[in-house]
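S.K.: So the chains spell out like this:
There are 4 protein chains.
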Amino acid sequence: MLKNISNLQATLEKLLTTQQGMNAEGQVADYIPALASVSPNLMGVSVATIDGNVIGAGDYQVPFSIQSISKVFGLVMAMNRIGDELWQRVNMEPSGQPFNSIIQLEWEQGIPRNPFINAGALLVADVLTSHFSTSKLAFLTFMRSLAGDEHIYIDNNVYQSELAHGNRNAALAYLMKSFSNIQAEIPEVLSHYFTQCSVAMSCQQLAKSLLFLANKGLDPISQHNICTARDAHRVNAILSTSGMYDQSGEFAFSVGLPAKSGVGGGVIAIVPGYGVICAWSPPLNTFGNSVVGTNLVSGLAAELGLSIYH
Amino acid sequence: MLKNISNLQATLEKLLTTQQGMNAEGQVADYIPALASVSPNLMGVSVATIDGNVIGAGDYQVPFSIQSISKVFGLVMAMNRIGDELWQRVNMEPSGQPFNSIIQLEWEQGIPRNPFINAGALLVADVLTSHFSTSKLAFLTFMRSLAGDEHIYIDNNVYQSELAHGNRNAALAYLMKSFSNIQAEIPEVLSHYFTQCSVAMSCQQLAKSLLFLANKGLDPISQHNICTARDAHRVNAILSTSGMYDQSGEFAFSVGLPAKSGVGGGVIAIVPGYGVICAWSPPLNTFGNSVVGTNLVSGLAAELGLSIYH
Amino acid sequence: MLKNISNLQATLEKLLTTQQGMNAEGQVADYIPALASVSPNLMGVSVATIDGNVIGAGDYQVPFSIQSISKVFGLVMAMNRIGDELWQRVNMEPSGQPFNSIIQLEWEQGIPRNPFINAGALLVADVLTSHFSTSKLAFLTFMRSLAGDEHIYIDNNVYQSELAHGNRNAALAYLMKSFSNIQAEIPEVLSHYFTQCSVAMSCQQLAKSLLFLANKGLDPISQHNICTARDAHRVNAILSTSGMYDQSGEFAFSVGLPAKSGVGGGVIAIVPGYGVICAWSPPLNTFGNSVVGTNLVSGLAAELGLSIYH
Amino acid sequence: MLKNISNLQATLEKLLTTQQGMNAEGQVADYIPALASVSPNLMGVSVATIDGNVIGAGDYQVPFSIQSISKVFGLVMAMNRIGDELWQRVNMEPSGQPFNSIIQLEWEQGIPRNPFINAGALLVADVLTSHFSTSKLAFLTFMRSLAGDEHIYIDNNVYQSELAHGNRNAALAYLMKSFSNIQAEIPEVLSHYFTQCSVAMSCQQLAKSLLFLANKGLDPISQHNICTARDAHRVNAILSTSGMYDQSGEFAFSVGLPAKSGVGGGVIAIVPGYGVICAWSPPLNTFGNSVVGTNLVSGLAAELGLSIYH
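Protein chains in written order, with this note's numbering: chain A, 1 to 310; chain B, 311 to 620; chain C, 621 to 930; chain D, 931 to 1240.
Just chain A, with the same shape it has in the complex (with noise of 0.2 angstroms):
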């Protein structure tokens, strides 16, 4: 793995440059104005180790959407709440479909494969919602204390834009709900899932913030548990099987880490007993993953050698 930290800088900087121009071959969401408008041109890179480095090259340390990768932290947070029995409605298969089929859920009857599916990630909100009384707050204040920056906040725009173009979501949720999988009143779950997905970070931020994943749930700068070792290996199994959309198999085939995508451009990505990698540049590709965000994971987990696979 990386030997000297200023290396891996010069490594940051170099895999950048390399990039130059291939967003072109990706598509900025659409889906929602508020995304479509953000600038293709913005790419940046982030690593944060659990020996307390943070580096970044590019526009590691402007704020975007963080969208799905607020899957991964809903998830943690209602591991912590309701333990177990989590397990017992929402499964941890990966799902051979694309991310937002509804399908595969009338199939299994209302349980979703998993929860990066956005059935799985409706069912964590649902979750949240039913045993937090300020759910939105609690996951904002859980964003915070992570990244240690106050300022984290949530882009209302974005929100807004979300709530107005939320109906395939709202069936996901109802079709749970008719199979009693769902406990909370829809319109609140899907409230606390926009709140969740329109959450803006930085690389930096993410990097920082995820690094508990890469340390058997411990957070090397705070020193707080954040989840315990079980969880910690349980969420990077789901990540490396279930991450990146359609994609997954293939990501693990080239790459080899625990990763997860969002549509605004972000791409995460754990290496475990080492750090974290964080990744932006809005356009992607046909899988819904970033196109430079994935190469420049991919890139530095090559030049480090950092693949779980070997």
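Among the hints, erroneous ones may be present.
[Claimed, not checked] Derived pair list, reagent style EDC-like, types lysine to aspartate or glutamate, alpha-carbon separation capped at 20 angstroms:
| hint | chain 1 | residue 1 | chain 2 | residue 2 |
| --- | --- | --- | --- | --- |
| 1 | A | Lys216 | B | Glu560 |
| 2 | C | Lys836 | D | Glu1233 |
| 3 | B | Lys526 | A | Glu303 |
| 4 | C | Lys836 | D | Glu1180 |
| 5 | B | Lys526 | A | Glu250 |
| 6 | D | Lys1146 | C | Glu870 |
| 7 | A | Lys216 | B | Glu613 |
| 8 | D | Lys1146 | C | Glu923 |
[As the list claims (entries may be wrong)] Label-pair ranges, simulated between beta-carbon atoms:
| hint | chain 1 | residue 1 | chain 2 | residue 2 | range |
| --- | --- | --- | --- | --- | --- |
| 9 | A | Arg81 | C | Ala784 | 24 to 34 angstroms |
| 10 | A | Gly305 | B | Asn535 | 55 to 65 angstroms |
| 11 | A | Glu188 | C | Ala922 | 52 to 62 angstroms |
| 12 | D | Gln1153 | C | Ser842 | 40 to 50 angstroms |
| 13 | D | Glu1233 | C | Ala922 | 29 to 39 angstroms |
| 14 | C | Gln681 | D | Gln950 | 56 to 66 angstroms |
| 15 | D | Ser1110 | B | Gln419 | 20 to 30 angstroms |
| 16 | D | His1061 | C | Ala784 | 47 to 57 angstroms |
| 17 | D | Asn983 | C | Glu728 | 55 to 65 angstroms |
| 18 | C | Ser842 | D | Ser1075 | 50 to 60 angstroms |
| 19 | D | Gln991 | C | Gln640 | 52 to 62 angstroms |
| 20 | A | Ser6 | B | Glu323 | 47 to 57 angstroms |
| 21 | D | His1061 | C | Ala630 | 39 to 49 angstroms |
Keep in mind the hints are simulated off the structure, nothing from the lab. In this text, a Cβ means the ideal position worked out from N, Cα and C, and glycines have one as well.
Add chains B, C and D to chain A, keeping to what the hints say.
M.R.: Relative to chain A, chains B, C and D alone:
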């Protein structure tokens, strides 16, 4: 990880003891008579390490039908033979469906989701049938060479049984042929595939044979390069997302090793940089994975802290 | 066909006798409490002819929840209101799926297969909600006018029960909205839909109300043109292929009349050029069709040689 | 209905005139070379009535490949041979899927939805293969007898072409065999099936051959009972819900006759109590139905008021 090989021997024996009677929770595969007649009480476990140790406990030297574990070896042979062309014809995504479902194959226009579902393994069998003049002999020779044992054999009783119950596999193969994704004649492809599945090997032989996957493609015993480091990585990645049928996600979640099971009751698990575990016990759970075999691998991984997700 | 109306009365009474006890083979719908509480022993049958006779036997004057039979009337109102534009938004093909499956809707990109599956009926409800200022009142007025009875009412107990168990229908509606195939607000669409379903009518009233479908669109009693001859033809065609849920093919095969059932236990059948049969008995078979209701229509069709397939 | 046979002749000729050039809107079937080579400009129509008239216009005496129209005759033979036992092995529900989809067959555990989708026709072919010592000859003899023409033949060029492109049908057959719903050897079943499809007949011959379905099972020419009145009813019912592939609902909606099409460009329609229409023109629409053939049947049904739905 493991410090001391004599401790490991004691650990294997202790683990076996904990599993006495647990085999009653599964059912021996009965879709073919030749498998249904195997004693449900046999159980064994073996560990081979890349530094040369091979130990075991219980019935670890008794040969059994390797069945779908053969898919790993067939895949390596096909990757070696045709290179990346293979990935034009088979995908590397988890399937999210029971292992032999024909529905997904139809949806994806004759391209199997991955090489470890039956459709994918038949595709691999087609590659071998088409590219080797005597593919069955080539496969057997490969297995004998990897295990360092010229006595490895094909169980003809199992082979005939498979042939007589091969209608679903024939359906999968003809469907792929209708999408022009099979080149050889179907009866030849099926004959090769059932031959592979009918190879009989012991836990000890399987563990030794797969060391190259834990060692970047290099067999540490023979010092032969069995495949490239990149391909060893890739096989481990697909094993991690798709090796345990529709329980692959749960296995990653709770155990955390690249692994493959077969309906003969065998389970192999790769520990990159360390070695290979192979456990065997014929009774299967509802997913088609050996109850005791899975428990043995799981127990050993927990005991020794082997998970790749930490 | 039928020669003599007093013979027909005797036939109806004889048929009812043969069905005593047969209701024990079905189950009263229990997905909502308001339906579960109806007596399973009520049964009735009525025939209305286009030459003006209306007769019946058993509980043929007892009102019951018309449920999905309301889909026929809603469809006629929507056809009258927006004409062929309707067929851009809903198809007219048999569904080949259980009646409320969401899978097909996803496959066909938000276009329901036909107006008699729930998704299609919700689409029709959206048309009515969007095109009438007070669609619920308009529906009730239409029903009262067709039956010639100002006392026809909405069973508020049923309506509230439906609303409280409407999650699956909400899922279907939101899914269609996500494909931009719903224009009104979902709660309004559901409210209209459940209102329709909650209308209470007797066999006699339903038989009279549908005479226009047996008479090329003209109500022979009021002499009003309820719809065009072409639309009467079309409704009868869809009833023939899709009116009896996933038993529609078998009903055509063994009975041979355009028909529609509802989970309240009602069944209506159109005999083009002759009249309408309506039978009622709450216990349902596994397809959701009234056991005795189906038997009564079937028996009468056989007795009188009414099948359109000869 | 029709009053005067010389008027009918004029009507047929007028209808043909309206269709000149309309064939350009379709595509001749090209999945096998033997069909692709047929001239797209041939078109003909014939009407046979139960009172003995047989007339036609255009190329109504030119033999063409009857393809799936053969499914009607095969079904009648199988019903006659094994009676209601047939309906344990094939259903009579519309399919709601493209005609050769393997998905539904998997869902319904090897029981085809109806005898007119390919899986169902292969099931029927299995019945014939298993219950006749020389089923192909028996089929040909049946066809010659119905048409009253010993010269009816099997087009060997088409047959060989079908065999060479039969992989999807083989997949369907093997899948059913895996569910124990096929008794004979698959190559024999396929050989029978492709033989049936390869029979060449003219519009005139087909119209005459099917008169028994319009006449309660009795062939009005030979005065032979070809099947029971009940079975004629049943065949007409299945034709009405499932005879025109995934356009069956629309055909009922707009035309309203039991009908069957084949990819050779033929369309037959039964008019119960009156006669049979057969039209032919090779170019097909996207559903696999003859563009002009469908138009001719539709035009005639409208002109003469033949619909069974009034």
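S.K.: Against this structure, judge whether each hint is valid.
M.R.: A quick look at each hint next to the structure:
no.: 1; hint: Lys216/A x Glu560/B; in the structure: holds, 19 angstroms
no.: 2; hint: Lys836/C x Glu1233/D; in the structure: holds, 16 angstroms
no.: 3; hint: Lys526/B x Glu303/A; in the structure: holds, 16 angstroms
no.: 4; hint: Lys836/C x Glu1180/D; in the structure: holds, 19 angstroms
no.: 5; hint: Lys526/B x Glu250/A; in the structure: holds, 19 angstroms
no.: 6; hint: Lys1146/D x Glu870/C; in the structure: holds, 19 angstroms
no.: 7; hint: Lys216/A x Glu613/B; in the structure: holds, 16 angstroms
no.: 8; hint: Lys1146/D x Glu923/C; in the structure: holds, 16 angstroms
no.: 9; hint: Arg81/A x Ala784/C: 24 to 34 angstroms; in the structure: holds, 28 angstroms
no.: 10; hint: Gly305/A x Asn535/B: 55 to 65 angstroms; in the structure: violated, 19 angstroms
no.: 11; hint: Glu188/A x Ala922/C: 52 to 62 angstroms; in the structure: holds, 55 angstroms
no.: 12; hint: Gln1153/D x Ser842/C: 40 to 50 angstroms; in the structure: holds, 48 angstroms
no.: 13; hint: Glu1233/D x Ala922/C: 29 to 39 angstroms; in the structure: holds, 33 angstroms
no.: 14; hint: Gln681/C x Gln950/D: 56 to 66 angstroms; in the structure: holds, 59 angstroms
no.: 15; hint: Ser1110/D x Gln419/B: 20 to 30 angstroms; in the structure: holds, 28 angstroms
no.: 16; hint: His1061/D x Ala784/C: 47 to 57 angstroms; in the structure: holds, 55 angstroms
no.: 17; hint: Asn983/D x Glu728/C: 55 to 65 angstroms; in the structure: violated, 43 angstroms
no.: 18; hint: Ser842/C x Ser1075/D: 50 to 60 angstroms; in the structure: holds, 54 angstroms
no.: 19; hint: Gln991/D x Gln640/C: 52 to 62 angstroms; in the structure: holds, 59 angstroms
no.: 20; hint: Ser6/A x Glu323/B: 47 to 57 angstroms; in the structure: holds, 50 angstroms
no.: 21; hint: His1061/D x Ala630/C: 39 to 49 angstroms; in the structure: holds, 45 angstroms
Consistency note: the structure conflicts with the earlier hints numbered 10, 17.
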